[in-house]
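Peer 1: Sequence:
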Amino acid sequence: MRVLLFFFIIFCASLSADMPLLVEDLVSGKGKFKLESSLSYTNSKSQNLSTGDPIIVPISNTGFVAIPSSFGESEQENDNLIGTLGINYGISNKADIYIRGSYLGSYRQQKDPSISTNTFTHKPIDSWLGVNYEFLKDDSSVGVLGYIETALYEKNLNKSSYLHSLQIGSIVYKSIDPVVLVLNTTYRYSHKRKSKDGTYKPGNVLLLHPNVGFAVNEWITLSLGFEWLHQRASKFDGSKNGLHRSFLQPTFGLGYGFSEDNILNLNFKAATQKDSNSSVTLHWSYTF
1 MRVLLFFFII FCASLSADMP LLVEDLVSGK GKFKLESSLS YTNSKSQNLS
51 TGDPIIVPIS NTGFVAIPSS FGESEQENDN LIGTLGINYG ISNKADIYIR
101 GSYLGSYRQQ KDPSISTNTF THKPIDSWLG VNYEFLKDDS SVGVLGYIET
151 ALYEKNLNKS SYLHSLQIGS IVYKSIDPVV LVLNTTYRYS HKRKSKDGTY
201 KPGNVLLLHP NVGFAVNEWI TLSLGFEWLH QRASKFDGSK NGLHRSFLQP
251 TFGLGYGFSE DNILNLNFKA ATQKDSNSSV TLHWSYTF
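In terms of our numbering, the sequence shown has 234 at position 234, counting the first letter as 1, and numbering is strictly consecutive.
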């Protein structure tokens with residue numbers, strides 16, 4: 001059952017067909033390290049007016065990357081590939097401290113009233129430092145894990161920023177062998193930062209991701225759920241550009257446990273609206 005827990009909660013799962021969900025597996029464990037890496041692909045399109053709102057791409061069940069986008073009157077199609085590497089360290093049996101960084105490769109086709117361009121860029125996109133803490137165990141009630149993290153570095157449209165975003169979240173789950181019910185909640189606050197043309201503030205983001213997991217056998221788990229994301233409009237020099245936006249998208253997942261400490265997961269999110277984007281994420285974790 002351990003793979004199921006991590007597959008739906010923090011992509012760092014363990015699976016045991018005969019054992020109930022173990023709360024100790026939510027964190028690395030005192031003195032242990034957990035190595036995490038992921039590869040995410042997303043395709044997005046925009047037509048007519050581009051408002052500069054970041055493209056949100058999941059890199060795990062609790063983390064996402066905000067890819068900066070341009071603004072102006074144009075038609076765009078973007079293919080983005082994001083690689084992420086992170087490490088957790090158990091400072092106690094209830095808490096982890098962690099750091100991660102992501103690198104972006106992007107191919108953009110853009111057509112405006114006067115010219116068409118194709119560009120390829122690659123660059124570091126962000127890095128984060130955070131801590132998570134296990135508040136409640138999944139025994140007689142529900143399990144609760146909370147986390148908070150700050151952006152050490154973010155690459156914006158034409159400038160970089162440091163310590164300008166804060167993210168908090170929680171994971172609430174209930175194990176009813178062989179099923180796990182999970183609710184992931186994440187809120188990201190972004191402070192205003194400087195750009196070449198003035199002051200830019202990315203819109204704050206609220207994400208809710210309920211899902212249900214089922215252990216097929218002691219190696220394989222399946223998940224089904226949906227993601228609701230609300231993104232506030234970005235601002236340039238204090239003026240709002242565009243509209244606040246909400247997206248509701250189905251999610252599907254498959255997890256495979258090579259061992260209790262070596263887990264591979266594949267997640268897919270489908271585009272259901274004109275301005276939403278589909279994505280697929282391959283995530284690997286190893287605890288030692």
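In short, the hints are calculated from the structure, not lab data.
Among these hints, one or two may not hold up.
Said to hold, decoys possible - Each pair of labels, with its calculated beta carbon distance range:
1. Phe-33 / Asp-237: 40 to 48 Å
2. Leu-282 / Pro-178: 18 to 26 Å
3. His-244 / Lys-32: 37 to 45 Å
4. Lys-32 / Gln-273: 40 to 48 Å
5. Asp-139 / Val-212: 18 to 26 Å
6. Asp-237 / Val-212: 23 to 31 Å
Unchecked claim - Simulated crosslink set (PhoX-like; lysine-lysine; CA at most 20 Å straight-line):
7. Lys-159 / Lys-111
8. Lys-192 / Lys-94
9. Lys-123 / Lys-155
10. Lys-137 / Lys-196
11. Lys-192 / Lys-137
Idealized CB from N, CA, C, for every residue including glycine.
Peer 1: Now look at each hint and say whether the structure bears it out.
Peer 2: Each hint, compared with the structure:
| no. | hint | in the structure |
| --- | --- | --- |
| 1 | Phe-33 / Asp-237: 40 to 48 Å | holds, 44 Å |
| 2 | Leu-282 / Pro-178: 18 to 26 Å | holds, 24 Å |
| 3 | His-244 / Lys-32: 37 to 45 Å | holds, 42 Å |
| 4 | Lys-32 / Gln-273: 40 to 48 Å | holds, 41 Å |
| 5 | Asp-139 / Val-212: 18 to 26 Å | holds, 20 Å |
| 6 | Asp-237 / Val-212: 23 to 31 Å | violated, 45 Å |
| 7 | Lys-159 / Lys-111 | violated, 23 Å |
| 8 | Lys-192 / Lys-94 | violated, 34 Å |
| 9 | Lys-123 / Lys-155 | holds, 8 Å |
| 10 | Lys-137 / Lys-196 | violated, 48 Å |
| 11 | Lys-192 / Lys-137 | violated, 38 Å |
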